[in-house]
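Turn these sequences into a full structure, and let the hints guide you.
For the record, the sequence lines run as chains X and S. Letter 39 of the first sequence, counting from 1, is numbered 39 in this note's numbering, and no numbers are missing. Letter 104 of the second sequence, counting from 1, is numbered 235 in this note's numbering, and no numbers are missing.
A hint or two may mislead.
[To be verified] Where chain S lies over chain X, by a calculated footprint (3+ residues, C-beta under 8 Å):
1) 18 to 28
2) 35 to 44
3) 73 to 79
4) 114 to 121
[Unchecked claim] With the Cβ distance kept under 7 Å, some of the chain S side facing chain X (calculated, not the full set):
5) 139
6) 141
7) 146
8) 166
9) 168
10) 169
11) 173
12) 179
13) 229
14) 233
15) 235
16) 242
17) 243
[Stated by the list, open to error] With beta-carbon atoms standing in for the labels, derived distance ranges:
18) 158(S) / 60(X): 42 to 50 Å
19) 41(X) / 212(S): 40 to 48 Å
20) 77(X) / 183(S): 27 to 35 Å
21) 8(X) / 134(S): 39 to 47 Å
22) 40(X) / 168(S): 25 to 33 Å
23) 137(S) / 115(X): 24 to 32 Å
24) 33(X) / 147(S): 37 to 45 Å
Calculated directly from the structure, the hints in this document are not laboratory data. The beta-carbon is built from N, C-alpha and C at its ideal position, and this holds for glycine as well.
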Amino acid sequence: MTYTQIALLSIPIVVVVDLFALRTRVITRKAFWVSYAIIVFFQLITNGMFTGFGIVQYDGAAIIGSTSPTTGAPTMFGDGRIAFAPAEDLMFGFSLILLSLALWVFFGRLGVSRTPVAGPPMWRTRSRRRD
Amino acid sequence: MLGLPSNLAYVGVLVFVLVGSLWLEVVLRTRVFARLPRLLLVLALVIWPFLLWDAYAIAQGHWWFDTERILGVYLPGEIPLDELLFFLVIPIASILTLEAVRSVKGWPVGDGSDALEEPVGQQ
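In structure tokens:
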């Protein structure tokens, strides 16, 4: 299988794990999608560093775009790449992030370190929260 | 770059991720590290499918690493140690982000601690 195929397959697998295996339903939560929006912004920066500096390189036969050049950075946008990284990396990242957060919610629900809960932020007074 | 050995390039990106996320634990009081057993369980499980994926992709030649920009320590499956660190750092940063959003917005995620007033219980 190619990276494209595995990456495309990984998303429904992790979604099924979230919805039906763990029954965490993280993808139905607003908190998840807002978090993902923040994470994916930083992922584009970090993946851009990994791929733009040539730390990681890819075989054109395995991805939508072409093989990473032996010298210099790959195409920044286009040729199947987004911010230097193959578009597949976004799918890889989504799967890693969703599985991580689904497991986090799963173990909380199981009762492993359910508390202390997050917050309040430092700029809010502690007394406002009733805990 | 910065006068550091080039072999620290990969790990340097991970340091960037940690610098960008660890402050949430203090400033937004995410309390992820105060729930260490839960964090360690997540990390102990989440790495495996991605290590297997990595080993397969490396064996198939889907991707490879500039040997001058990684630590040079390898796990079974020719997986650079840097990759294992990636599979630990990214979940930590992701969980910190989720808990940061919860800290500010108070939105539920169904982990049994939402608002501490409607316990989820055993479904």
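Okay, the hints, checked on the actual structure:
1. 18 to 28: Held - the segment 18 to 28 of chain X has 4 residues with a Cβ nearer than 8 Å to chain S, which meets the minimum of three.
2. 35 to 44: holds (count 4)
3. 73 to 79: violated (count 0)
4. 114 to 121: holds (count 8)
5. 139: Interface hint status for residue 139(S): violated (11 Å vs cutoff 7 Å).
6. 141: holds, 5 Å
7. 146: violated, 11 Å
8. 166: holds, 3 Å
9. 168: Given a least distance of 5 Å, the restraint on residue 168(S) holds.
10. 169: At 4 Å from the nearest chain X Cβ, residue 169(S) passes the 7 Å test, so the hint holds.
11. 173: The hint holds - residue 173(S) has a Cβ within 7 Å of chain X, the shortest such distance being about 4 Å.
12. 179: violated, 10 Å
13. 229: Cβ of residue 229(S) sits 4 Å from chain X, so the hint holds.
14. 233: holds, 5 Å
15. 235: Holds, because the Cβ-Cβ distance from residue 235(S) to chain X comes to roughly 6 Å (cut-off 7 Å).
16. 242: holds, 3 Å
17. 243: holds, 5 Å
18. 158(S) / 60(X): 42 to 50 Å: holds, 43 Å
19. 41(X) / 212(S): 40 to 48 Å: violated, 27 Å
20. 77(X) / 183(S): 27 to 35 Å: holds, 31 Å
21. 8(X) / 134(S): 39 to 47 Å: Given a distance of about 42 Å, which is inside 39 to 47 Å, the answer is holds.
22. 40(X) / 168(S): 25 to 33 Å: holds, 28 Å
23. 137(S) / 115(X): 24 to 32 Å: With Cβ atoms ~44 Å apart, the hint is violated.
24. 33(X) / 147(S): 37 to 45 Å: violated, 24 Å
The structure fails hints 3, 5, 7, 12, 19, 23 and 24 (numbered hints given earlier, in ascending order).
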